[in-house]
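Visitor: Protein chains in written order, with the numbering used here: chain E, 1 to 463; chain U, 1001 to 1312; chain V, 2001 to 2552.
If you're looking for bench data, these hints aren't it; they were derived computationally from the structure. Here the structure is a predicted model, which is why all the values come from computation and not from measurement. Hints are not guaranteed to be accurate.
Claimed, not checked - Short, incomplete list of chain U residues facing chain E, as computed with Cβ under 10 Å: (1) 1008; (2) 1015; (3) 1019; (4) 1026; (5) 1136; (6) 1137; (7) 1144; (8) 1198; (9) 1207; (10) 1236; (11) 1245; (12) 1270; (13) 1289; (14) 1290; (15) 1293.
Even for Gly, the Cβ is constructed at its ideal location relative to N, Cα and C.
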Amino acid sequence: MSKQSFQLSAADFAPAPPATHAERIVRPSLSYWQDAWLRLKKNRRALSSLYLVIALLLFTLLGPWFWTQDYTLQDLDMISQGPSWGSAALVVEDPGAWEGVRGDALPLPQGQELGATTQLTVEGAATTQYVRLYWNAVPGAQHYLIYRNDHAPDSGQDLGLPLGETLRPEELSFADRLQLRPQTYWYTVIASDGLTEAASGTTLAVTTERAITTTQARERGLEATVGASVQLPAHPFGTDYLGRDVLARIMEGARVSLFIGIVAPLLFIAIGIVYGGICGYFGGTLDIVLMRIADFVIALPFLLFMILFRIGFGIGPGESGIFPMLLALVLLSWPSSARLVRGQILQIRGEAYVQAARMLGARSLYLIFRHLVPNVMGPILVTLTFAIPMAIFTEAFLSFIGMGVSPPTPSWGAMSNEGIRTMLSSPHELLFPAFFISLTVLAFNLLGDGLRDALDSRLRSRE
Amino acid sequence: MLLYILKRLGIGIFTIWFIATATFTVMHLVPGDPLANDKAVNPTIRANLERQYGLDRPVFEQYVLYMGNMLKGDFGISFTEENRAVNDIIREHFPVSASLGVLSLFFATIGGVLWGALAALYRNRWPDAAIMLVVILGISVPSFVFAAFSQLGILTLNQWTGRSILPVAGWDSFSSALVPALVLGMSTMAYMTRLMRSSMLEVANTDYIRTARAKGLSALRIFFRHQLRNAILPVITVLGPAIAIITTGGFVVESVFAIPGLGRYFVQAVAQLDYTVIMGTTVFFGAFLVLMVIAVDILYGFIDPRIRLGAL
Amino acid sequence: MNTTTLTRALMQPISSYLRYCLSALLLFSALCALPALAQEGVDFATQSVRIAQGSEPPNLNSIKSTDQTSIFYIEHVMEGLLRKNARNELVGGVAERWEMEGTTARFWLRQNAVWSDGVPVTAHDFVFAWRQVVNPEVAAEYASIMYPVKNAEAINQGKLPLEALGVTALDDYTLEVELETPTGYFLSLTSFMIYYPVRQDFYEAQNGRYFADVRNMIFNGPFTITSWVHGASLRMEKNPTYWDADSVTLNVIDTPYITNDEQAVFNLFKDGMLALVNNLAAEQLRGALDNRMRIYAHPDGSVFYVEFNHRDDRVTRNLNLRKAMQAVYDSEELVYKAIGIAGYIPGRSLIPVYMNGVQDKFRVEYPEQPASLDIEKAREYLELAKQELGLDEIPPLSILCDDTNGAILQAQYFQSLFKRTLGIDIKVDAQTFKQRLDKSGNGNFDLILAGWGPDYEDPLTFGDLFASWNVNNKGRYNSPVYDAYVRTVQGTSDQQVRMDALGRMQQHIIDEAVILPNFERVSNGVRDPRLQGVVFSQTGASTTFTYAHVTE
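Chain E on its own, in the form it takes in the complex:
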């Protein structure tokens, strides 16, 4: 046997060339968020809701380029009008001072009752600017009461709106300017001896024509000759309680509402996630102390603190306080989401994958945000989508008490709050802003559902 020793050379210790082909991962490695995005793209509902959100933003930002009506312009002749594509109006003279008609007060003949008014007549043309009425004196009348109805009265009780009364017995006329619309009105004038009213009055049907005054026509750059017919602007969403265009106000209001409605929830839920995550993960005394602070914030009287915030920030009249309001909203709204996240984390922090990660030496913060929070995304997203309308309405409420935006700047929440007052007689004032709020909430709910599916790490392996 040859004394051939078993010799190793340095070359024998060189690493083998990597055997690449056998175990190569064919699919590219995807991070959690990349994976989520891929799955989100596959979700048709989520994707279309994403487009809806984008459309809403475009509507806000680009809308005013196409719809150029001034959202602050008051048209007091067009108060609370339903949607319309413009209407024609007659140009008439300014109402000016009408001397009215005077006559002699007649004494009541002995033993006679107060009679009905006679010769009720309209002076000039009846337009939506004014209806001027005069009548003959009734013996014994001290003054006259004027009523206006929208329908033909069916009884002596059905007189309609009490427009007013004359002051002196000699006054035998009345000019009606009360929110006249182009329609037929039934006017009734009843004599009164100061204590009791006459048993009956005279009713006159008057049909009014839409009109604007020469001054108004001049102010709006329309043809200002008496008798001309001019076209009034279209209001596809109708007008509000001061005759302002609702569409223009919705576009303008979207800025505030979408900003507050999206940013505030994002911010306070972010705080809630961090706060609740820490509480839930660490538990013990830290949790007890931190969660008591959350209780404390929930229990504070909200309105009182908002008033203090307003003063603390030195928001003067008419100044916009959007950022202080955002801050205040966030400061007072985070506890509920923190509580929710904490509860969820308590539930899953003992799970095997958490233990495994911990044994592998994962640091606490990494554990919380890499393993725990993604697994409680479902309830968080629900809270987020619910926080949107809440933020929009809180903004409206705060603007109402002088914090946030001030009139005439609109917001959706403020518009619906105003619309509520007249929701039966002019529902469009509530309907349109409420519709846009609902649309926003819907979009974010669908998006939230899609995100939830996409972010659910348990669904991940299936793809």
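Mind docking chains U and V on chain E? Use the hints.
Guide: Relative to chain E, chains U and V alone:
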């Protein structure tokens, strides 16, 4: 367990003290005069009023005095309802709000859990979409609108049938609480529906459900025994503060249905800067909230064995 | 297909149809078991009416109360020396007859006026009550309304003992009152709540809880309070011991609903649960119109206006600036177009149309000369103002208002008006109730949406608002001329002299553009057609049921 509860209660008292102090401070920082009225009074009368309410003393002295009385359980006399003790206001109006609130939470929880579970079962099919739409309406339409429309509905029903099927407003029988409770619970129900749906879906993919299914358990048993129980935790979490908030009164619903609850006092007290009522209602609400939160934390342990009380 | 299946298939629709019929029948019978639509708003047989209130009466103690809701109840269950009759005229209440001469008034009380426990109402009860009103310890907010009585103010300031008050019981049934100065409207004051009697022994026995609950109450008026569930309901029943009980027809005035929701109250009325509803808002007015209800209007007494800040550091102190704003402002446009509530009277004067003058209505005897509406002139005024103030531009002005929809609407109207016509920027400063009061008290505003309701039936209740010493003169308007007019009116009981001075005050307010009048408010209401004889008034309780009755 008992020790845990005692400890939590101890901390709770501290929390309440903190709430009371903060509210007291803010109340006095906010400009405005609790004694002012639309018609201003001359300085003489004003000084007399201040003396009567003890507002002529230094604020710190007022604070010490107030805290002392509060410890004795005396919240003082209301500034606006001048003959009523705040204790009486709470004692007389809280039961009304509470019974309405409990009924509405009953509707909200049953409805929320049921609809949410249903939506999860029929995920991405039409029942899910229908429930979603109702939910969206429930949260994006202000409760005032619901209240007003449901009241109009009652009115129309009564006029159409010519009978008093339901009272339009008021607080005298069980039937007068039904509709207000539904309206009051609307947004909570919507919230719970969505929460429930989401957590049901989450639970549906867990190993223990798969195990249960593999064991051959019936679908119904899996649903109630495993899925529901595990999914209900977020609902419970929300329920705690919601109980405190809803049972202490909903201003809008109380106002529309003329219900003599506590809700109006929360709102009016701040508007009127009624010092004693602000303090009384806030401390009462704070204490209630603290209790509810403790209850929820204890409930966690019962519902989900993974959560141990000691660790809390 | 065998027979059984066939039968089942045939039976299926029949049984489901039957089931449908049965359930419909059940539902129908259940509905029939329910009470028929109760028209409980008014009841002829029991002569009872039901009403709703916006709030719980905060204080029913006639010495200390201040608000409208409480006054409503107090005026129904208590009676003063004088009272108002069904035509709103002053007639004898507890006092049978009276005499007034210079600064002395004497009242002879009727012997049959008794408290609800049968004890007679005596002059001592008035002396006790009036002393309590001005007692500094009691701290009554309306004590100033007692100030026409001799020494009242000094006692209220703690400078004189209670006994120094100018009221004495000459005997059990004779009361003598000494006044500080001749006060023309003193008699009408005696029908006001704080002048009502209070019985000393009963008052003291309640230990500070006088009228706090039903058991702490004693009455001398047409009704008694028989039950009061705080915040929920209050029930008044006819007082059998009332001396004029024969002229009271109603047996019960029940308040089962307390809510400030206007639509809810209107819905209750439509449901037949209420006898009447007042102060309808525009939306409910519309509802009443559509339902063909008779709508009644009556002035509620209050006048609303824009008040300028006249303090030295404010530009609104400048007369020409105020005149410029006055010359572009048309209250008719504000009222008829922007506010749009039927019956509101466009503001033309500080003194409302219903106030009486010497013989006739004040405004008929002293018609105001309005400032002319002239935009060219307004711009001239504005230029003058800028010169006088040494400004190139008028700085933005703030308009302080309540956080109510109505107030914000008006504020926005002015914002748009002054911007459009004069180029002046207006900032709307909406504030919660107490913060608004705080800001208005400190003069932290340029313009303010203000209003005033009368305390007594004399134009002076409005006129003295802008006296330099009045604490309710929020803008601190200070004019020696105006102050002199006020002193003239206060110093005499000669109606002609007083009204002449008030007429000049009215014109002064317009000429100096101290305020811009907005409107005189009107309460539009609906009522059950069977309810008759309800009296409306601008001072004291706005609605009185004492003379009302229910017809069949």
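Visitor: Now tell me, hint by hint, if it's right for this structure.
Guide: Evaluation of the provided hints:
At its closest, the beta carbon of residue 1008 of chain U sits 8 Å from a beta carbon of chain E; the interface hint therefore holds under the 10 Å criterion. Look at residue 1015 of chain U: its Cβ gets to within about 5 Å of chain E, closer than 10 Å, so that hint holds up. Checking residue 1019 of chain U against chain E: minimum C-beta separation of about 5 Å stays under 10 Å; hint holds. At about 5 Å, the closest approach between the beta carbon of residue 1026 of chain U and any beta carbon in chain E falls short of 10 Å, and the interface hint on this residue holds.
For residue 1136 of chain U, the interface hint holds, since its Cβ comes within 10 Å of a Cβ in chain E; the closest pair sits about 5 Å apart. At its closest, the beta carbon of residue 1137 of chain U sits 7 Å from a beta carbon of chain E; the interface hint therefore holds under the 10 Å criterion. Taking 10 Å as the C-beta cut-off, the interface hint given for residue 1144 of chain U holds, the closest approach to chain E being about 6 Å. Contact between residue 1198 of chain U and chain E, as hinted, is supported at the beta carbon level, the nearest pair being about 4 Å apart and thus within 10 Å.
With its C-beta approaching chain E no nearer than about 9 Å, residue 1207 of chain U sits inside the 10 Å limit, and its interface hint holds. Hint on residue 1236 of chain U holds. Least Cβ distance to chain E is approximately 8 Å, under the 10 Å limit. Here the hint on residue 1245 of chain U is kept, as its CB sits about 8 Å from the closest CB of chain E, short of 10 Å. Interface restraint check for residue 1270 of chain U: the shortest CB-CB distance to chain E comes to about 5 Å, inside 10 Å, so the restraint holds.
The beta carbon of residue 1289 of chain U comes within 5 Å of a beta carbon in chain E, closer than 10 Å, and the hint placing it at the interface holds. With its C-beta approaching chain E no nearer than about 6 Å, residue 1290 of chain U sits inside the 10 Å limit, and its interface hint holds. For residue 1293 of chain U, the interface hint holds, since its Cβ comes within 10 Å of a Cβ in chain E; the closest pair sits about 6 Å apart.
In summary, the structure agrees with every hint in the numbered list given earlier.
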